[in-house]
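Dock chain B against chain A, hints included.
Number of protein chains: 2
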Amino acid sequence: MSGEKGFLLTEGDLPALSIGAALLGTGGGGNPYVGMLRTRELLRKGAQVRIIPLDALPDDAWVGRVGSIGAPIIGIEKISEGGECHRAMLAVEEASGIRMAALIAAEIGGANAMVPVITAAMAGLPVIDGDGMGRAFPEIQMTTFSIYGEASLLSALADDKGNVVVFRKVTSALMLERLMRTATVAMGAGAGAAGAPLSMEFIRRTAIPGTVTQAIEIGATVLQARAKRQDVVEKVVEKTGGGLFFTGKLVDVRRELTGGFMRGHALLSGMGDWAGSEARIAIQNENLVLWVDGEPKVMVPDLIMNLEQETGEPITTEMLRFGQRVSVIGLPAHSLMKTPRALEVVGPKAFGYPEILFTPLADAAA
Amino acid sequence: MSGEKGFLLTEGDLPALSIGAALLGTGGGGNPYVGMLRTRELLRKGAQVRIIPLDALPDDAWVGRVGSIGAPIIGIEKISEGGECHRAMLAVEEASGIRMAALIAAEIGGANAMVPVITAAMAGLPVIDGDGMGRAFPEIQMTTFSIYGEASLLSALADDKGNVVVFRKVTSALMLERLMRTATVAMGAGAGAAGAPLSMEFIRRTAIPGTVTQAIEIGATVLQARAKRQDVVEKVVEKTGGGLFFTGKLVDVRRELTGGFMRGHALLSGMGDWAGSEARIAIQNENLVLWVDGEPKVMVPDLIMNLEQETGEPITTEMLRFGQRVSVIGLPAHSLMKTPRALEVVGPKAFGYPEILFTPLADAAA
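Protein chains in written order, with numbering that gives the first Met the number 0: chain A, 0 to 365; chain B, 0 to 365.
So that you can see chain A by itself, here it is in the shape it has in the complex (with noise of 0.2 Å):
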């Protein structure tokens, strides 16, 4: 096996992959922590996953997309029993009859960084290094493949007490959201989606490549830190190419879950170089804009994290809590996210601010 692409994903890798991904996550996405657990006892007994690149397939493989879907505010209390995405694979398997020869994350952010790596484990499939987002965003035509026009929107959700439903026919990325979106209520607000077939070909051209490897890397970045007792945030900035735009103390957070979503704000109050100056965070299950003394610094696509001060630790939304210390990385997203053509759907516009003009981070790595 040892002539064949890519590596298989050991046990060690899954701390760093959990970190990496919720750093990804920009707040959102869920915790990777109990699919980190449930990957670990699938790997111990003896499940193989290998993780490859995106020219490891002839153009003409199939690949299925597989992520969790829901309000991740639920999803502290409502463990993914692990198997929804596997049946939701195979429901979609069977109607479109096409076999599919790999995984790839629909997002890479968060517990779906995660849930492609359990489903190959129980398929037996590799999982392609990349994703359709380099992050997490909270609806699902907000991937690459929905952006620049994937073939079919056969789908199909799973729930974890055996409901199956397969959207079989769908006119639209938006109309399948909603079809989705309203499934996922009506299972109790958390359930396992799988997406159509994607050719090879099509994800060559048009996945964020190499996510899976950069939230491993990410992920070890920040372990390493901590082991060595460096500044793990300046570490992190180091490692991504991104900037450090704020440190504050939480001093406000308003949450509200409506329609599946969890919108809200944050309010921090600035630390250090920060002191005087007062940052909000606008989320929607993800962070959407950073404002420092009412000027937006950050917006979406480009990556909002926020880590725990002292120990680098990322902050999801459903984390966020009075008097925590919060260092804000900016970090530029992938081209594929930053096109006119992407940012129709993943700009600061398409979130409800139509009066911020996407002003992209500058690329260190470009």
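To be clear, the hints were calculated from the coordinates, so they are not data collected in a lab. Beta carbons: idealized from backbone N, C-alpha and C, even for Gly. One or more of the hints may lead you astray.
Claimed, not checked - Using C-beta positions, here's what the derived DEER-type ranges look like:
id, chain 1, residue 1, chain 2, residue 2, range
1, B, GLU343, A, ARG204, 51 to 61 Å
2, B, MET318, A, ARG204, 48 to 58 Å
3, B, PRO353, A, GLY187, 17 to 27 Å
4, A, ARG43, B, SER171, 46 to 56 Å
5, A, ASP251, B, SER276, 51 to 61 Å
6, B, ALA46, A, GLY187, 39 to 49 Å
7, B, SER151, A, THR9, 37 to 47 Å
What the hints assert, rightly or not - A few chain A residues that don't get close to chain B, going by computed Cβ distances all over 10 Å:
id, residue
8, PRO14
9, LYS44
10, PHE166
11, VAL184
12, ALA226
Leaving out everything else, chain B in the frame of chain A:
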């Protein structure tokens, strides 16, 4: 073809079927008029629809169920395109691998009496003389098929835009109701539904028999009495074996659309024999309970049918208007709807009236 059982539905039957179905709709089920026009068009174009009795097909023949789903108050503006239920039925056939030999109405009351006829005309199938309610009810698990333990809940929903959702595996009828209801709302509050194939053996044990014929006969009674300038209400009471429970003027009506249902109540001020009395009718899409001077007189699953006093025109709950003169006829439900098992699902308690003990109307025909 003359040796075949049942009868070919003629254009002349349609106005009677439409009026009879509206009356059996007990205020709900939507108005069959548009479906009647669509059926007439199909018959004029040469479609033939045979209405067959319960003993026409062998035990192992498979029967499909179709019906529109949605809030009737929406139905007025969102007119079904006609092919929704046919597409839903085809999706069930595809997912189950079973071809239907006939169709049956899930509910004879209201627009859903006409829907299987339209679908049958499109699919080239006969329609069984019977249904799963003998009336209309607001929720899909309120059919005798569901009450008496249909084996599979596989179902599909299609809208007028081309969206098709398949409920591939469903753990309970209540869950199916929730999933279908929320998907219908996502589709714009109106869709065509198809249920799992039922064996003819099961249909024979559980369907309310003869209700297509019954609807045609009731409607014909109304039309004949009108033509002969007879008392329409009296003739309907005679024909159906029901009773006249109130005549009065509509003095108040409250309706609101919540969670896909229209809920509310109507108040009537007595006239003639009921001068000085007051009646109240509770509504959830259909008429649920009739109180006269505070006493519950007729209650689900027995039928409460409101007729315009002069013309005998059925008054659906969305057509209730201040000042209307209304005759309220009560009609005993079929015995399959009054077993303890059925009452758990369609009795007063199931509709939120735990204080009302179901007291069946005396069945004149029994």
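How the hints compare with the structure:
Roughly 56 Å separates the CB atoms of B/GLU343 and A/ARG204, a value that falls within the hinted 51 to 61 Å. Taking 48 to 58 Å as the suggested C-beta distance range, the pair B/MET318 and A/ARG204 conforms, at roughly 56 Å. Separation of B/PRO353 from A/GLY187 is about 26 Å and conforms to the stated range, judged on CB atoms against 17 to 27 Å. Roughly 35 Å separates the CB atoms of A/ARG43 and B/SER171, a value that falls outside the hinted 46 to 56 Å.
Between A/ASP251 and B/SER276 the CB atoms are about 60 Å apart, so this pair conforms to the stated range of 51 to 61 Å. For the pair B/ALA46 and A/GLY187, the supplied restraint of 39 to 49 Å holds, since their beta-carbon distance comes to about 44 Å. In this structure the hint that B/SER151 and A/THR9 lie 37 to 47 Å apart at CB holds, the actual value being about 44 Å. Interface exclusion of A/PRO14 from chain B stands, the closest Cβ pair being 35 Å apart, more than 10 Å.
Every CB of chain B lies more than 10 Å from the CB of A/LYS44, the least distance being 26 Å, so the non-interface label holds. Once the 10 Å rule is applied to beta carbons, A/PHE166 is inconsistent with being away from chain B; the minimum gap is 5 Å. Not every Cβ of chain B is farther than 10 Å from the Cβ of A/VAL184; the closest lies at roughly 6 Å, contradicting the non-interface assignment. Here A/ALA226 stays apart from chain B, with its beta-carbon at least about 47 Å from theirs, past the 10 Å limit.
In summary, the numbered hints that this structure violates are 4, 10, 11.
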